[in-house]
Amino acid sequence: MIKVFLNEDEIPKKWYNLAADLPTPMLPPLGPDGKPVSPDMLAPVFPMNLIEQEVSQERWIDIPEGILELLYRWRPSPLQRAVNLEKALGTPARIYFKNESLSPAGSHKPNTAVAQAWYNKEFGIKKLVTETGAGQWGSALSFACALLGLECKVYMVRISFDQKPFRKVMMETWGAKCIPSPSPETKAGRDVLEKNPDTPGSLGIAISEAIEEAVTDETGKTRYSLGSVLNHVMLHQTIIGLEAKKQLQKFGEKKVDVVIGCAGGGSNFAGLSFPFMADKINGEKIEIIPVEPASCPTLTKAPFVYDHGDIARMTPLLPMYSLGHSFVPSPIHAGGLRYHGMSPLVSQAVVEGLATPLAINQLECYSAAMLFAKTEGIIVAPETSHAVAAAIRKAREAKEEGKARVIIFNLSGHGLMDLYGYDAYMQGKLKDYEMSKDEVHDSLAEIKGYPKAEMRKTGKW
Amino acid sequence: MENFDDIDIYCKSLGHRLNFKYCRTMKNGLPCHGLPDCWFERIPVMDFLEKNYTADEIEKSLAPPVNKITSIIDLIEKARKNSGG
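Chains as they are written, first to last, in the working numbering: chain A, 12 to 472; chain B, 6 to 90.
For reference, chain B alone in the conformation it holds in the complex (with noise of 0.2 Å):
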């Protein structure tokens, strides 16, 4: 699992250089969904996957990023919620 942590890459969302140790765990513990993208030139980013993770987790990893809480208009509702409106 390890193996590749102290490799270094850019990360464009971030606009520095991290580790990739970052990168497989950046999503509450799992990879980044970017994962295949920013490093199969690099390592052997799916056999990494399938070695390590389940295809629930990697389908969980892959999959597009759910919002932590939901959407603005959900927050907004919440906040009238809250102020008692």
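For reference, chain A alone in the conformation it holds in the complex (with noise of 0.2 Å):
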């Protein structure tokens, strides 16, 4: 057997809230007044019924009937064994993968998208609005409005607007409004514009600009939506290992060994892992692993800090790993893997020692890519990679070891519309990157007056 579907009525009827298992309670987001944020400060940019699962403490959640319709044009996905990879290796670990890249816009990203959109029409919400880079987050939320007849606007920094067309395409063809920042639309934009009439824009000022639009909107009915870090964002992404878990059983599988997904802000590798966290907690031997860049050490060498969710400082402090608001990572071939930050409770799991980061050089990635695509056939997405090159490494231990291991991994999304790293890894262009201990150093040095985050473990794990 090589994958296992699952039938629209076993799909996961819950989410799994890993808030309200682990050890140690999570740490409040702060304002920029040191104080913890309440769910009203929120308000004018989350609707409440989001702001309520942000902050719940329940440990499973309903998934209303109304979201399940819309996932089951997708979900579940199927969960693939990766046998011709195995055989490559000659390993004797059974390797699985699942596949997120089946959905329409190509990743895990839809399973919040059509989730927050869903809630805020609920509320009575009528637009929402974001910012995208390259686009992957853009084309996610633009499709899941589309299912909703919400109005979506996506600001896209211009120069991403004008280099990634069918990024912009994708969005307009699912109904969106896409328009390069920074605009006339927004003061922030204005602001930019007067300056610089030709500035290429940049993330910061785009996030700025949606951010704007949705508290400014006079009517109340517009909401801004973020496709990664928050709870609400990571408990959407857990009917991936939900559906998992079902389908390793069908798989005749007993027990996981390992449970690997690339970590950027936290949301596929917490949409995977968080389910089997639940196991860990509850007595299982799991070994849970996030997979970053050498390159961008989010988790690996920085300290646990409270740092701002975002470039332009403009979402709540929150309590995550981080390498300070201003720090911008060698230049790796990861487009999805930007936050300097990292989602509260993937931080929180890793300080608890639930999950062993592992950061991984982007030659090795690609490498690791190279040889999935020639055995499953499968070109994942540039940040896919870095969980694809995790597995090989833990397939080859068990090789080594002569141990018949079960590895599982989130192939988060594919790499279709991001082929330039492939063309650039083939003709030899890449070089691998890692921070020093003195750049790390001196990256850190401007978080310094930022309040720390107390370390809150039990030492269970």
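Hint data in this document are derived by calculation from the structure and do not stem from the laboratory.
Treat the hints loosely; a few may be bogus.
Going by beta-carbon spacing under 8 Å, a handful of chain A positions derived as facing chain B [said to hold, decoys possible]:
(1) G144
(2) A145
(3) V168
(4) Q174
(5) K175
(6) K206
(7) N207
(8) T210
(9) S213
(10) L214
In this text, a Cβ means the ideal position worked out from N, Cα and C, and glycines have one as well.
Bring the two chains, given one by one in their own frames, into a single complex with the hints.
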């Protein structure tokens, strides 16, 4: 048996909320004044039903039937065994991957885009705004809004808007309005354009425009949507791991040894791993690995601090791993892994020892992705290649030890719209970059003044 | 100033390739704060900065990015004022 599908009536009916089971409670998000942010303060940006999820301590949260009906368009996604990769490696390990690249937008992002759009519509919201760089998140939200008949507006960084015309076309095909940022439509945009009419824009400006539009809409019918980092985003993604657990049972697997996901803002890692983390909390021995680029060592080298969730400092302060709000990583080819900070829930799981992060250089990642493409046929997204590389490492370890380990990783997206990295790799143009201790030290100097988060852990793992 | 403009690089923040011209102009005409991190292995980046910008401009460029519209809380307050609340 190579792959397992679930029937629609087998789809999980609840999301799993790790916050309920973390042995140490989550630290509250802080505002610029250092005081905890209350739900009401977030209301102009997010609908209250999502804010309730953001702060919920309930272990299981019902997935409304309306959302399930939307998810059925591509879910449950298949769990596939990478038998040809196993053969190529000569490993006794059994390698499984959850194929999230089959969503209409080509990644795991629609899992939360659809849920967020549905909750906003339930709350009476008519329009969602967001920002995007190359367009992955903008595409996912555009798709979700199309399904629900919501207006969608995406502020796309002007240089990306000019260079990624197909992403813009995707968004517009789904009915979204995609405009280059900075735009004359917001004060943030106008201020920038006034100073420099030819500016190519930046992600920071685009976020500022999106949030300004949500907050200043006098009808109160516009909200902002974020595709990563926040707790409710992680929650919506747990359907990935919950489906995978059922599918592993159908494969006849009784125990999983290694769970792997690439870690940018944390949502695709969280989606697969959190349901397995619940088993680990309850005594199972599972190695859970968030994989990050060696040149962007958010989890593996940085201390646990309070930092801003975005470059423009527009989101509340959250407890997370971070190299500082101005940190710009080395030029590696993994566009989705761009958050300098990590999801607070993932951060706390790492602090507790429930997850053990791993950093891998881009050359190893591309080598792994090439092998995966040649054996399994799927060209994975550059960020997904980190998970593939980690799975291959673990399979080789299993071969050395002669152990038939069960390894599962999240194939979070395809790379068919991001082939420049593959081209550069094949032409020998890529180099590996790894921050030195001195560089990390310098990067951390700028966040010296921020309040430090307490390292709270039970020491159990 | 334009010597390196056509050299391209993959921008991890945006998720696609772009050239040096973007990196040196993206911050209201001033360089991105990440210029040294991204380019130090490819061009004499500090030398480039010192030759083409004042000390004040360099400091402004390499400083942590300041938000264009303060913070989300400020925006919420502004929205309330705008709506008369």
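Taking the hints in turn, this is what the structure says about them:
1. Checking G144 of chain A against chain B: minimum C-beta separation of about 4 Å stays under 8 Å; hint holds.
2. Given hint, A145 of chain A at the interface with chain B, holds; its Cβ is 3 Å from that chain's nearest Cβ, closer than 8 Å.
3. The interface hint given for V168 of chain A holds, since its Cβ lies 6 Å from the closest Cβ of chain B, which is under the 8 Å cut-off.
4. Restraint check, Q174 of chain A versus chain B: the minimum CB separation of about 6 Å is within 8 Å; hint holds.
5. For K175 of chain A, the interface hint holds, since its Cβ comes within 8 Å of a Cβ in chain B; the closest pair sits about 6 Å apart.
6. The beta carbon of K206 of chain A comes within 5 Å of a beta carbon in chain B, closer than 8 Å, and the hint placing it at the interface holds.
7. Restraint check, N207 of chain A versus chain B: the minimum CB separation of about 5 Å is within 8 Å; hint holds.
8. Hint on T210 of chain A holds. Least Cβ distance to chain B is approximately 7 Å, under the 8 Å limit.
9. At its closest, the beta carbon of S213 of chain A sits 5 Å from a beta carbon of chain B; the interface hint therefore holds under the 8 Å criterion.
10. Using the Cβ-Cβ criterion of 8 Å, the hint placing L214 of chain A at the interface with chain B is satisfied: the shortest such distance is roughly 5 Å.
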